[in-house]
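Undergrad: Listed in order, the protein sequences are those of chains A and B.
Counting in this note's numbering, the first sequence runs without a single skipped number right up to 229 at its last residue.
Counting in this note's numbering, the second sequence runs without a single skipped number right up to 452 at its last residue.
Be a bit skeptical, because a hint or two may be false.
[Said to hold, decoys possible] Stretch by stretch, here's where chain A covers chain B in the computed footprint (C-beta under 8 Å, at least three residues):
{"no.": "1", "stretch": "277 to 283"}
{"no.": "2", "stretch": "360 to 371"}
{"no.": "3", "stretch": "404 to 413"}
[Said to hold, decoys possible] Chain B regions said to be covered by chain A (calculated; three or more residues, Cβ under 8 Å):
{"no.": "4", "stretch": "289 to 295"}
{"no.": "5", "stretch": "326 to 340"}
Please keep in mind that the hints were generated in silico from the structure rather than gathered at the bench.
All values derive from a computational prediction rather than experimental measurement.
Ideal placement from N, C-alpha and C gives every residue a C-beta, glycine not left out.
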Amino acid sequence: MAGKPKLYYFDGRGKMESIRWLLAAAGVEFEEKFLETREQYEKLLQSGSLLFQQVPLVEIDGMKMVQTRAILNYIAAKYNLYGKDLKERALIDMYVGGTEDLMGFILMFPFLSAEDKEKQRAVIVQKATSRYFPVYEKVLKDHGQDFLVGNSFSWADVHLLEAILMVEEKKSDVLSSFPQLQAFKRRISSIPTIKKFLEPGSQRKPVPDDKYVETVRRVLRMYYDIKAN
Amino acid sequence: MAGKPKLYYFDGRGKMESIRWLLAAAGVEFEEKFVETKEQLEKLVKDGDLLFHQLPMVEIDGMKMVQTRAILSYIAGKYNLYGKDLKERALIDMYVEGITDLMQMVMMLPFSPAEAKAKNLASIEEKATKRYFPVFEKVLKQHGQDFLVGNRFSWADVQLLEVILAVEEKIPAVLSGFPQLQAFKTKMSNVPTIKKFLQPGSARKPPPDDNYVATVMSIFNLN
Numbered sequence: 001m002a003g004k005p006k007l008y009y010f011d012g013r014g015k016m017e018s019i020r021w022l023l024a025a026a027g028v029e030f031e032e033k034f035l036e037t038r039e040q041y042e043k044l045l046q047s048g049s050l051l052f053q054q055v056p057l058v059e060i061d062g063m064k065m066v067q068t069r070a071i072l073n074y075i076a077a078k079y080n081l082y083g084k085d086l087k088e089r090a091l092i093d094m095y096v097g098g099t100e101d102l103m104g105f106i107l108m109f110p111f112l113s114a115e116d117k118e119k120q121r122a123v124i125v126q127k128a129t130s131r132y133f134p135v136y137e138k139v140l141k142d143h144g145q146d147f148l149v150g151n152s153f154s155w156a157d158v159h160l161l162e163a164i165l166m167v168e169e170k171k172s173d174v175l176s177s178f179p180q181l182q183a184f185k186r187r188i189s190s191i192p193t194i195k196k197f198l199e200p201g202s203q204r205k206p207v208p209d210d211k212y213v214e215t216v217r218r219v220l221r222m223y224y225d226i227k228a229n
Numbered sequence: 230m231a232g233k234p235k236l237y238y239f240d241g242r243g244k245m246e247s248i249r250w251l252l253a254a255a256g257v258e259f260e261e262k263f264v265e266t267k268e269q270l271e272k273l274v275k276d277g278d279l280l281f282h283q284l285p286m287v288e289i290d291g292m293k294m295v296q297t298r299a300i301l302s303y304i305a306g307k308y309n310l311y312g313k314d315l316k317e318r319a320l321i322d323m324y325v326e327g328i329t330d331l332m333q334m335v336m337m338l339p340f341s342p343a344e345a346k347a348k349n350l351a352s353i354e355e356k357a358t359k360r361y362f363p364v365f366e367k368v369l370k371q372h373g374q375d376f377l378v379g380n381r382f383s384w385a386d387v388q389l390l391e392v393i394l395a396v397e398e399k400i401p402a403v404l405s406g407f408p409q410l411q412a413f414k415t416k417m418s419n420v421p422t423i424k425k426f427l428q429p430g431s432a433r434k435p436p437p438d439d440n441y442v443a444t445v446m447s448i449f450n451l452n
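Based on the provided sequences and hints, a complete structural model is requested.
TA: Written out as structure tokens, the structure reads:
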């Protein structure tokens with residue numbers, strides 16, 4: 001039945017966080033159902049709600065959507081954050097692909113051993129500053145506009161801000177050589193829906209901690225070692 | 230300048246193969262430039278042709294597109310293989326993403342260390358027969374139509390056929406419990422553009438061999 005989208009995931013960032021950001025940026029209120037026990041997860045599996053037996057799951061517009069990218073694409077298009085034509089969509093998809101890869105290095109971070117964490121922190125910063133940030137810095141510099149694509153606020157802007165903040169959590173001065181991105185960060189953070197999401201008490205989730213890692217391992221029975229990529 | 234799309238990748242399947250499939254299914258002719266050495270890859274990076282320093286890259290409609298998913302979405306959108314509305318697109322995206330997860334396992338198999346190969350192959354078989362194929366078997370059974378989404382040929386159908394054939398190369402009897410998928414495979418293989426792509430001499434690449442693995446490893450200093 002129509003109503004607010006309902007997000008099924010752990011009480012933490014993981015793959016659902018980009019979805020929370022995008023819904024929030026679009027000004028869409030949503031509900032959340034947190035997976036805390038193995039039993040809840042098995043119940044969800046048995047209910048047939050998880051097409052490929054995985055979360056994230058988002059109930060939206062009568063659909064039980066899975067696959068993070070599919071969900072994000074749907075939300076972006078529905079709320080006009082996906083460009084005005086195929087070519088703008090292509091640019092947005094390319095940029096989002098890059099920030100997704102960058103955030104992918106951070107996704108597994110909480111599950112790494114202490115030693116691997118230090119190595120991975122260096123990898124994240126290196127990739128951010130030598131491969132990803134320079135691209136977006138140049139895009140903004142070349143066209144001189146406020147937003148990445150088509151002079152219009154889009155999913156690509158939301159995703160880049162999310163990525164910037166996540167990398168800054170690993171190294172607070174990581175934007176020091178990127179003046180365009182510093183200005184971008186300030187601008188996008190001031191957009192009312194995003195400003196609200198960045199305030200305490202919003203549905204934005206904190207940096208993952210040991211409790212989050214334990215919950216995920218317990219619910220998914222994922223007790224094997226995670227290797228850094 | 231407008232003209233045929235031009236694909237930059239290794240002379241092998243990898244991440245580019247799904248793009249070859251989709252262009253072929255859409256009846257679009259394309260050219261290929263094979264990257265064979267580290268120096269060639271470094272030149273592309275130095276020339277600023279690779280947005281994130283990575284392949285695949287496809288020159289199409291005046292753009293140098295990177296990011297496999299972005300390229301596939303563009304082709305699907307341009308050639309009307311992406312459904313008729315947002316909800317059909319959502320279904321296609323869900324199906325394609327699931328299939329991509331399975332395809333990724335198959336893609337990585339030749340790069341597994343020798344001692345992990347048997348385990349990884351068993352994992353592919355398990356995921357294919359317990360997680361992915363049952364979904365599509367059920368979808369086809371429930372609506373009884375020829376195509377996965379909207380009673381019309383789409384990107385999802387192309388991607389599903391590709392992964393079925395890729396898994397069958399490793400596990401020949403993998404479709405034995407899936408009569409709908411067997412019929413689907415036959416029907417899709419006979420779509421004229423796909424039939425042509427499946428014939429010898431097409432741009433379809435063979436299963437990865439040791440030579441391909443060695444080339445990729447040497448270009449990325451993985452050996």
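Undergrad: For each hint, tell me whether it holds in the structure or not.
TA: Against the structure, the hints:
Counting residues of the stretch 277 to 283 of chain B whose C-beta sits closer than 8 Å to any C-beta of chain A gives 3, which meets the bar of three, so the coverage hint holds. For the stretch 360 to 371 of chain B, the proposed coverage by chain A is satisfied: 3 residues have a C-beta within less than 8 Å of a C-beta in that chain, meeting the threshold of three. With a threshold of 8 Å between beta carbons, the proposed coverage of the stretch 404 to 413 of chain B by chain A is violated, since 0 of its residues qualify and at least three are required. Interface restraint, the stretch 289 to 295 of chain B with chain A: holds (4 residues with C-beta to C-beta distance below 8 Å; minimum three).
Using a Cβ-Cβ cut-off of 8 Å, 3 residues of the stretch 326 to 340 of chain B lie near chain A, which meets the minimum of three, so the contact claim holds.
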